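Here are the chains, one letter per residue:
Number of protein chains: 2
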Amino acid sequence: MAKVLVEVSARHIHLTQENVNKLFGEGHQLKPMRPLSQPGMFAAEETVQLSTPKAAIENVRVLGPVRNYTQVEISKTEAIRFGLEPPVRDSEEINLDATAGIKVIGPKGELNLEKGVIIAWRHIHVSNTQALELRLRDGQLVKVKIEGERAITFENVLVRVRPNFSLAVHLDTDEGNAAGIKGSVIGELIV
Amino acid sequence: MAKVLVEVSARHIHLTQENVNKLFGEGHQLKPMRPLSQPGMFAAEETVQLSTPKAAIENVRVLGPVRNYTQVEISKTEAIRFGLEPPVRDSEEINLDATAGIKVIGPKGELNLEKGVIIAWRHIHVSNTQALELRLRDGQLVKVKIEGERAITFENVLVRVRPNFSLAVHLDTDEGNAAGIKGSVIGELIV
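Going down the list, the protein sequences come from chains A and B.
Just so you know, the first sequence maps onto residues 1 to 191 in my numbering.
Just so you know, the second sequence maps onto residues 1 to 191 in my numbering.
Among the hints, a few may not be true.
A pair counts as met if it fits within one copy or between any two copies, since identical chains are not told apart.
[Stated by the list, open to error] Below, in silico cross-link-like pairs of lysine-lysine (BS3-like), each with a Cα-Cα straight-line distance of 30 Å or less:
| # | residue 1 | residue 2 |
| --- | --- | --- |
| 1 | K3 | K143 |
| 2 | K108 | K54 |
| 3 | K31 | K145 |
| 4 | K31 | K103 |
| 5 | K103 | K54 |
| 6 | K103 | K115 |
| 7 | K182 | K22 |
| 8 | K145 | K3 |
| 9 | K54 | K3 |
| 10 | K143 | K54 |
Since the hints were derived computationally from the structure, they do not count as laboratory data.
Remember, it's a predicted structure, so these values are computed and weren't measured experimentally.
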């Protein structure tokens, strides 16, 4: 059984350049603050506020680079706080039908998203080379075991294979907290 | 493998009669609103606000009957929101040393608890008869598997055997949300 890096993704938003313009000003370019484990991806300096009639959460991190769709990823705990019922969905799925809406507030403007809010399906990033070594294929579901006082085995972990991916499991904060993960840990991949 | 009821406990507080008096008025008696799965236990009509310098959460349910210690059970997600670092601990453990503090606000007064905030260790309530049938002993750690799109196997589920207990697994909201549980579900006990 292979050892894998397990990381926890806090609530965040992916934006189109058009929506970056609306929230941060025309022609604004996202400023990388720190790189993420997947090559080219970064946490931006920019943050937004997410708001519904039931709750508002500030300082929600924008992830870069810009994408060709705008998507908000929150945990189920946060969805309940917001009064939303987003689906658990592959965060690379570009079809945002039947997802929840939310208001996004930036320093220069706001968006009233009618859709785009999801709870991310737990997943593992794998490069093509790693996929061969580990005998994994894109779209497969595997298990990941976390040790510790809140030991858990996560099932239905979606395998995503891309040439430039780096081996890492991504959980949301409910999953990370349920497993007692602080920051990141090494888990066990069970195929 | 036995089937077991799995319930999710939202944040709540257990109070001494002395602290009920401080929060709700001298001689106040908790009013049962609905019974819980464990005989004699109830969700009370009374709620309190929990507050720290970082956040406040209203409408936190009081559970009855009163106990001889005051204890607040929250999820790790809520602990982070409050800026607290409570331990994951058996919620029947009366020793509250090294737990977190919090302000509790009621309609007639408030408490500045120096300790008593915990994250509950996942556990299963079992009657003496059920323990014999299922070959479980008090203090044992077992596994519980939840099916569904967010399927999970929880390890280190603490067995609690008492004559009047009713068979039920108790998770907190991080654990319940990580497993995609709405309300309660039937899980699989793995000994």
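Results of checking the hints against the structure:
With identical chains, the CA atoms of K3 and K143 are at most 30 Å apart both within one copy (12 Å) and between copies (22 Å). In this assembly of identical chains, the alpha carbons of K108 and K54 lie at most 30 Å apart whether taken from the same copy (23 Å) or from different copies (27 Å). In this homomeric assembly, K31 and K145 never come within 30 Å of each other (Cα to Cα): the closest approach is 35 Å inside a single copy and 43 Å across copies. When the C-alpha separation of K31 and K103 is checked against a cutoff of 30 Å, the pair qualifies only within one copy, where the shortest distance is 22 Å, while the shortest distance between copies is 39 Å.
In this assembly of identical chains, K103 and K54 lie within 30 Å of each other by CA distance both inside one copy and across copies; the values are 12 Å within and 23 Å between. In the homo-oligomer, the alpha carbons of K103 and K115 lie at most 30 Å apart inside one protomer (10 Å), although the nearest pairing across protomers, at 38 Å, exceeds that limit. In this assembly of identical chains, the alpha carbons of K182 and K22 never lie at most 30 Å apart, being 35 Å within a copy and 37 Å across copies at closest. Both within a single protomer and between protomers do K145 and K3 lie at most 30 Å apart by alpha-carbon distance, with minima of 10 Å and 22 Å respectively.
With identical chains, the CA atoms of K54 and K3 are never at most 30 Å apart, being 41 Å at best within one copy and 37 Å at best between copies. With identical chains, the CA atoms of K143 and K54 are never at most 30 Å apart, being 35 Å at best within one copy and 36 Å at best between copies.
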